[in-house]
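S.K.: Here the structure of chain A is known, so what remains is to put chain E in place on it, guided by the hints.
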Amino acid sequence: MHINEILFWFLTALALFSAMMVVFSKNPVHSVLWLIMVFMAITGHYIIMNAQFLAIVNMIVYAGAIMVLFLFVIMFMNLNAESEPQKSKWMKFAAVLSGGSLMLILIAALKDNDGFISSMRGEGSIGLIKNLGKVLFTDYVVPFEISSILFLSAMVGAVVLGKKESSTIVS
Amino acid sequence: MPVIPINYYIFLSLALFTIGIVGVLTRRNAIIIFMCIELMLNAVNVLLVAFSKMHHVAAFATDRATTVGTEAQLFVFFIMVVAAAEVTVGLAIIVMLYRNIHSVDINFLNRLKH
Chain A
0 MHINEILFWF LTALALFSAM MVVFSKNPVH SVLWLIMVFM AITGHYIIMN
50 AQFLAIVNMI VYAGAIMVLF LFVIMFMNLN AESEPQKSKW MKFAAVLSGG
100 SLMLILIAAL KDNDGFISSM RGEGSIGLIK NLGKVLFTDY VVPFEISSIL
150 FLSAMVGAVV LGKKESSTIV S
Chain E
0 MPVIPINYYI FLSLALFTIG IVGVLTRRNA IIIFMCIELM LNAVNVLLVA
50 FSKMHHVAAF ATDRATTVGT EAQLFVFFIM VVAAAEVTVG LAIIVMLYRN
100 IHSVDINFLN RLKH
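From first to last, the protein sequence lines are chains A and E. Residues 0 to 170, numbered by numbering that gives the first Met the number 0, are exactly what the first sequence covers, in order. Residues 0 to 113, numbered by numbering that gives the first Met the number 0, are exactly what the second sequence covers, in order.
Chain E with its partners taken away, still in its complex shape:
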């Protein structure tokens, strides 16, 4: 029986999340920053599914008909729903921005301060 420690999934998720953060901090293109936010959301999704599976494996040893772990997968589903709505509005904002200042460089956005 193949056994994968939950630590491996935690480390994978942390690495993906950190790569997303580094992308947000290093890039200046607003669309790339937006994609890095999607990457971070997906890292969290992987972790939720991994914990759901771990919980289910532990409960399955005693009860063969258990449905423990369903809630985490539904949470992931709702995160995907919210991410889809977020992408719609965010890309609309970026398109509007590009129409006004003809660039998606976030350094030109500091006029929001004034």
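Isolated chain A (complex conformation):
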């Protein structure tokens, strides 16, 4: 087996196991840490597929910023008590059954294709910042600016939501 295939199987197993642990851990803090493991595995997949810029962004933005935000909120609420009420056995069984049937149907619909991914010499420069930045700032400059407006509105929304309402202060 080539090193790429070994890495693929290792990262796949790591991602699937960590994703299971995200769902099944009782403690929310452990869930966040397992989700960071999933993002690390996905970053490894990006590197195998020559998406270097996305790998770094995934690591910094997702595993770095967003997950720290989750961890901060969980610790802020003091939720790490393991007293979360569980759904009933039958609800869990039905959820796993419906998720499994969805996966079965999607696999049955998508299994007939013969594309492949390989890594040849000299290939793999499209994932670098030079190429992506050139396309981003020429062809996709309008979506880029719109996303900055989205960020601004999200920031304002978060501040407005997080602020204590004046009526509750008065009462």
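It is worth saying that the hints were derived from the structure and are not from the lab. C-beta: ideal position from N, C-alpha, C; glycine also. Please note: incorrect hints may appear among the correct ones.
Here are some chain E residues pointing at chain A (derived, C-beta under 7 Å) [what the hints assert, rightly or not]:
#  : residue
1  : Pro4
2  : Leu11
3  : Leu13
4  : Thr25
5  : Ile36
6  : His55
7  : Phe59
8  : Thr61
9  : Gly68
10 : Leu73
11 : Ile78
12 : Val80
13 : Ala84
14 : Val86
15 : Ile92
16 : Tyr97
Beta-carbon label-pair distances, calculated as ranges [as the list claims (entries may be wrong)]:
#  : chain 1 : residue 1 : chain 2 : residue 2 : range
17 : A       : Leu15     : E       : Ile100    : 41 to 47 Å
18 : E       : Ile78     : A       : Leu15     : 19 to 25 Å
19 : E       : Val67     : A       : Phe9      : 45 to 51 Å
20 : E       : Ala60     : A       : Leu105    : 25 to 31 Å
M.R.: Quick look at chain E alone, frame taken from chain A:
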């Protein structure tokens, strides 16, 4: 030359997506549900990058200087941007909710109906 079929990536992505769905359906903690939604977004990102790579490999065989497949990676970038904004607002909503009802259990949220 190592060759990985695109089917493997499709199945990996479907498995991650299904685990996310099962998490949304089974858990009652709003933050865990939110994290499972992030998991589903990432499953889609993996699939987009895999298809971009497949497309690029096919085009690279004929043209050595091709940049086919750049658009999919930019889409993934924009999905990450939208996910970051979504997480900001969603966590703000959860914090506000916790401040009002002192719990993040989604079963207490059915008062939104009334």
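S.K.: For every hint, state whether the structure bears it out.
M.R.: Right, here's what the structure says about each hint:
1. Pro4: holds, 5 Å
2. Leu11: With Cβ-Cβ at 5 Å, under 7 Å, it holds.
3. Leu13: holds, 5 Å
4. Thr25: holds, 5 Å
5. Ile36: The hint is violated - isoleucine 36 of chain E has no Cβ within 7 Å of chain A, the shortest such distance being about 11 Å.
6. His55: Status holds, d = 6 Å.
7. Phe59: holds, 5 Å
8. Thr61: violated, 12 Å
9. Gly68: holds, 5 Å
10. Leu73: holds, 6 Å
11. Ile78: violated, 10 Å
12. Val80: It holds, given that the least Cβ distance between valine 80 of chain E and chain A is near 5 Å, below 7 Å.
13. Ala84: holds, 4 Å
14. Val86: Holds, because the Cβ-Cβ distance from valine 86 of chain E to chain A comes to roughly 5 Å (cut-off 7 Å).
15. Ile92: With a closest approach of 6 Å, the isoleucine 92 of chain E hint holds.
16. Tyr97: Tyrosine 97 of chain E check passes; min Cβ-Cβ to chain A is 5 Å, inside 7 Å.
17. A:Leu15 - E:Ile100: 41 to 47 Å: violated, 35 Å
18. E:Ile78 - A:Leu15: 19 to 25 Å: holds, 21 Å
19. E:Val67 - A:Phe9: 45 to 51 Å: For phenylalanine 9 of chain A against valine 67 of chain E, whose Cβ atoms are near 29 Å apart, the range 45 to 51 Å is violated.
20. E:Ala60 - A:Leu105: 25 to 31 Å: holds, 29 Å
Hint violations for this structure: numbers 5, 8, 11, 17 and 19, all remaining hints satisfied.
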